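K.L.:
Sequence:
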Amino acid sequence: MNQKIIKNTLILTAITLISGLLLGFVYEITKEPIAASRENRKQEAYHTVFQEAETFQTFEAFEEKEAEKILRNAGVSGCYVNEAALALDSGENAIGSVVTATSKEGYGGEIKVSVGITLDGTVTGIELLSISETAGLGMNAQEPEFKEQFQDVNTDHFEVVKGDGGKEGKIDALSGATITTDAVTNAVNAAVAYYHGAMEGGSVNE
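Residues 34 to 239 (this note's numbering) are what the sequence shown spells out, left to right.
Derived from the structure by calculation, the hints contain no laboratory data. Honestly, I wouldn't trust all of these hints.
[Said to hold, decoys possible] Below 30 angstroms or equal to it, Euclidean Cα-Cα: the simulated DSSO-like pairs (lysine-lysine) are: (1) K37 to K102; (2) K102 to K40; (3) K137 to K203; (4) K145 to K200; (5) K203 to K75.
Just so you know, these numbers come straight off a predicted model, no measurement behind them.
With the hints as extra help, turn the sequences into a complete structure.
P.N.:
Here it is in structure tokens:
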């Protein structure tokens, strides 16, 4: 009886070890393609929100603690800044920035948004990098009609309204998806607040 238990234990241990090795192997061979895919998606989003830029340079001065302080001082809650980049022209002159921020308060989880911002603080556009909202409701935040409300608007703060959209800085709430609308708008406000607090002026990192 004891020998059978020992045998079964050894078999299970061997299976566990082999499974672990296989999972590790799969992770290693898929890690780089996944990272490359994410980078490509990010670059596509950057060029979508700031079409005049030739290239983008990582904003090396970005610090999470500083970003948290900036958002807190700006009164933006439920969000965090992921990263930021300088938008450069063909002569490598800074013509604006792209800030990526995430709202933790989406209906279906976190919503990650990249925001293009010119040197004078005008939002050139937004692109959603990740969203898992309800199909036909919150997922409509990906539609051009919704995202265009943020395009070419110079404001320090976007506000969600119902039936009064179209005015600069006023975002018409998605039908049946006010939580999603608030989350996306707050993420954009977080990006704008970080830009004004840390990047305004657009100087290239030395």
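K.L.:
Give a verdict on every hint.
P.N.:
Hints, verified against the model:
1. K37 to K102: Given pair K37, K102 is violated - Cα atoms ~61 angstroms apart, limit 30 angstroms.
2. K102 to K40: Violated: K102 and K40 sit about 58 angstroms apart, past 30 angstroms.
3. K137 to K203: holds, 22 angstroms
4. K145 to K200: holds, 25 angstroms
5. K203 to K75: Satisfied, since the Cα-Cα distance of roughly 27 angstroms is no more than 30 angstroms.
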